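Student: The primary structure of each chain is shown beneath.
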Amino acid sequence: MIQTHLLTKVFQDRKKGEIRGTDSLSLRVDPGRIYGLLGANGAGKTTTLRMLATLLKPTSGSAVVAGHDVVREPDQVRAQVGFLATSTALYARLTAREMITYFGRLNRLPEPALRTRIRLLADELDMHEFLDRRCDKLSTGMKQKTSIARMLIHDPQVMIFDEPTLGLDVMAARAIVAFVRQCRDRGKTVIYSTHVMSEAEKLCDVIGIIHGGKLRAEGTLAELRARTGEADLEDSFVKIVSMEDEK
Amino acid sequence: MSLGTIGTIYAKEFRDSLRDRRTLFSALVAPTLIIPVMMFGIGTLASRVVSQATKEVPRIMVIGGADSPSVRSDLEKSGRFHVESASADWKTLISDKKVRAAVEIPPGFEKGLESGLAPSISLYDFDGELKSGIAVGQLKNYFNELRERTTARLLAARGLPASVARPFEVLQANVAPPAKTGGNLLGGLVSYVILLFCIIGAMYPAIDLAAGEKERGTMETLLCCPAARTDIVLGKFLMVLTGSMAAVACSLVSTGLTLVLMGLALAGSAKKVSLVPTIDPLGMLGVLGMVIPVAILFSALLFTISLFAKGHKEAQTYVTPVLFLAIIPIVVGILPGIDLNLTLALVPILNISLVCKEMLSGVWHWNYIAVILGSTMVYASAALALAVRMFKREDVIFRT
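As given, the protein sequences belong to chains H and E, one line each in that order.
1061 is the number of the first residue of the first sequence in the working numbering; add one for each residue after it.
128 is the number of the first residue of the second sequence in the working numbering; add one for each residue after it.
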């Protein structure tokens, strides 16, 4: 489970002064559910997810991930989290197997369990053909599978996806979407950031609209439509954001 | 801190670096090849240039000397010079390297030789120009010989032996063992090369493991794992240190082999001892030991600086001035006349440069060695602590 309470991150910028990347954000994601964090570029999605993955420290507020506080127990949080983003690349000079093994060891998996887990993931993701090929020689799809295997090697309870389909072709993006659904079906707690409305519509059980670092609206797709009176999520999103801007 | 995690990170970085041509070049290939290329290549070239210049019969000009025909004809007949016809623009001809040197024979020179009261001869050359220097040297030799012959003739005419003018000789001999002589001659150069490679070997891995990871997007992947930040820094730092020490070891082995090969190449030559000094192997080992703390210092510093950069190019911009700044104390250390004292023993890099020179000459100042090791370890620990601190700073790691 993920639970945040008034989570805030303030950056200091020499030119712009104080920037509130995330502002008093409170949300809850239950196991077996996909929470979609929908927002435009610069809305605060990445900052929020980086705080949940303990890559950034909150300025104030709190967040508990898989039962651990992100500030007090960052190592335990990371041990329970799988994080996939466009910015989480692969080591080009390692093979797919070496890459996955490396992260398995960093997650302190015993060697026999690690070998079994790699075999299992290679079966599931159909990776045997390229498992011993260097990552810089892999196709985009193969790289995605390797990243997913890297993310799953320690079988985390919580999955954090930060715009994972950005820059991918249709087929690779569909594979990611299918994988996210599988995670939910296996009872994982999933938080998924995107600015692609169709992805949010297809995937998310709950959608939170984030704008200017604040959570502006939250609910199921049906609830958001009902609230705005719009049939389309994109129209609902624009309406909510515009209403908040007018305030 | 987990030794297992540090080991895992180091092992991965080591494997990764072995597959990186740029790291292999900076840590292994360059340090191995540069010394022999410098010593054999530049040495051979320099000796060939000097040999050619020595073989050349220099063109000289005789100014004046109309009333000293035998001196003039003797210079021509000696075969040591091409005597050109006198010309008013002889200074320009020397500056343009068309004539190597000129000798001015004053009026009444030959007549003065008979009485032993000849006026002074003047020699003119292009100061600092090799062939001009050789020509003027040969002219000096010629006139010294003429002076000795004249002295002997004048003494004989008075019934005195030639030894009256040179009653005794001064003999000089080296008593220092070859290793100490070699250390004294090459100590500064070897210290310079080793300290330089200590930085060069650390430079590329430091850039690749910090700024390079950020640029390629793998830093965020790594930060998502449960490894503590300190363990990540230490694992990466050990790899940078490995690069530095590998470069030092390669340059040391390469220097030793080059000296041995040069010795074999010149075996039997009378000039062997002066041309190819030997270096005390114990001194070399001592240098290797002294370099470890300075390698830690450089590795931690370069890694920290590289952390600030967003990519390779930016990191190179930051790291290059460090290389030049570090060269200053290294060069100061090899200047003659600068001796190790307690104050200098506390100046980082300069202290290592000075003590290594001494150790290679077979002089072991144990008190200074202890001070230098201690102070450098303190600086190195501070640099490493700074690296860990910087790695934990979000504005450094996620700098945009």
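Please note that the accuracy of each hint is not assured.
Within a straight-line C-alpha distance of at most 27 Å, the following computed DSSO-like cross-link-like pairs (lysine-lysine) qualify [said to hold, decoys possible]:
no. : chain 1 : residue 1 : chain 2 : residue 2
1   : E       : K440      : H       : K1075
2   : E       : K204      : H       : K1076
3   : E       : K437      : H       : K1117
4   : E       : K437      : H       : K1197
5   : H       : K1117     : E       : K519
6   : H       : K1075     : E       : K437
7   : H       : K1197     : E       : K440
8   : E       : K204      : H       : K1203
9   : E       : K204      : E       : K238
What follows is a set of in silico ranges between Cβ atoms, one per label pair, in the way DEER data are often shown [stated by the list, open to error]:
no. : chain 1 : residue 1 : chain 2 : residue 2 : range
10  : E       : V458      : H       : L1226     : 46 to 54 Å
11  : E       : V458      : H       : S1120     : 33 to 41 Å
12  : E       : R516      : H       : V1256     : 47 to 55 Å
13  : H       : R1179     : E       : K440      : 49 to 57 Å
14  : E       : R146      : H       : G1201     : 52 to 60 Å
15  : H       : G1201     : E       : A392      : 17 to 25 Å
16  : H       : R1153     : E       : D522      : 22 to 30 Å
17  : E       : R146      : H       : R1179     : 43 to 51 Å
18  : E       : V523      : H       : V1256     : 30 to 38 Å
19  : H       : G1201     : E       : L151      : 47 to 55 Å
20  : E       : V458      : H       : D1229     : 50 to 58 Å
21  : H       : T1280     : E       : R142      : 31 to 39 Å
The hints are simulated quantities; they were obtained by calculation from the structure and are not laboratory data.
Note that the structure is a prediction, hence the values are computed from the model and not measured.
We put the beta carbon where it would ideally sit given N, CA and C, even for glycine.
Student: All the hints need checking, so say for each whether the structure fits it.
Tutor: Here's how the hints hold up against the structure:
Our distance criterion of 27 Å between C-alpha atoms is met by K440 (chain E) and K1075 (chain H), whose separation comes to about 25 Å. A threshold of 27 Å between alpha carbons decides the hint, and for K204 (chain E) with K1076 (chain H) the separation of about 88 Å lies outside it, so the pair is violated. A distance of roughly 21 Å separates the Cα atoms of K437 (chain E) and K1117 (chain H); the hinted pair therefore holds under the 27 Å criterion. Restraint check: the Cα-Cα separation between K437 (chain E) and K1197 (chain H) comes to about 25 Å, which is no more than 27 Å; the hinted pair holds.
Proposed proximity of K1117 (chain H) and K519 (chain E) is supported: the alpha carbons are some 10 Å apart, at most 27 Å. About 19 Å separates the Cα atoms of K1075 (chain H) and K437 (chain E), which keeps this hinted pair within 27 Å; it holds. Between K1197 (chain H) and K440 (chain E) the alpha-carbon distance is near 24 Å, which keeps this suggested pair within the 27 Å criterion. The suggested pairing of K204 (chain E) with K1203 (chain H) is violated, with an alpha-carbon distance near 85 Å, which exceeds 27 Å.
With a CA separation close to 21 Å, the supplied pair K204 (chain E) and K238 (chain E) stays within the 27 Å bound. Range check, V458 (chain E) to L1226 (chain H): Cβ separation about 51 Å, and the 46 to 54 Å hint holds. Range check, V458 (chain E) to S1120 (chain H): about 53 Å between beta-carbon atoms, so the 33 to 41 Å window is missed. For the pair R516 (chain E) and V1256 (chain H), the supplied restraint of 47 to 55 Å is violated, since their beta-carbon distance comes to about 39 Å.
Our hint of 49 to 57 Å for R1179 (chain H) and K440 (chain E) is violated, since their Cβ atoms are close to 41 Å apart. In this structure, R146 (chain E) and G1201 (chain H) break the distance hint of 52 to 60 Å, their C-beta atoms being roughly 24 Å apart. The hint said 17 to 25 Å for the Cβ distance between G1201 (chain H) and A392 (chain E), and at roughly 59 Å that hint is violated. Under the hint 22 to 30 Å, the C-beta atoms of R1153 (chain H) and D522 (chain E), about 29 Å apart, fit the expected range.
Between R146 (chain E) and R1179 (chain H) the beta carbon distance is about 25 Å. The supplied range of 43 to 51 Å is therefore violated. Taking the beta carbon of each, V523 (chain E) and V1256 (chain H) are about 32 Å apart, inside 30 to 38 Å as hinted. A hinted range of 47 to 55 Å for the beta carbons of G1201 (chain H) and L151 (chain E) is inconsistent with their spacing of about 31 Å. For V458 (chain E) and D1229 (chain H), the hinted distance range of 50 to 58 Å is satisfied, since their beta carbons lie about 56 Å from each other.
Look at T1280 (chain H) against R142 (chain E): about 48 Å separates their beta carbons, and that is not inside 31 to 39 Å.
Hint compliance for this structure: hints 2, 8, 11, 12, 13, 14, 15, 17, 19 and 21 are not met, and every other hint is.
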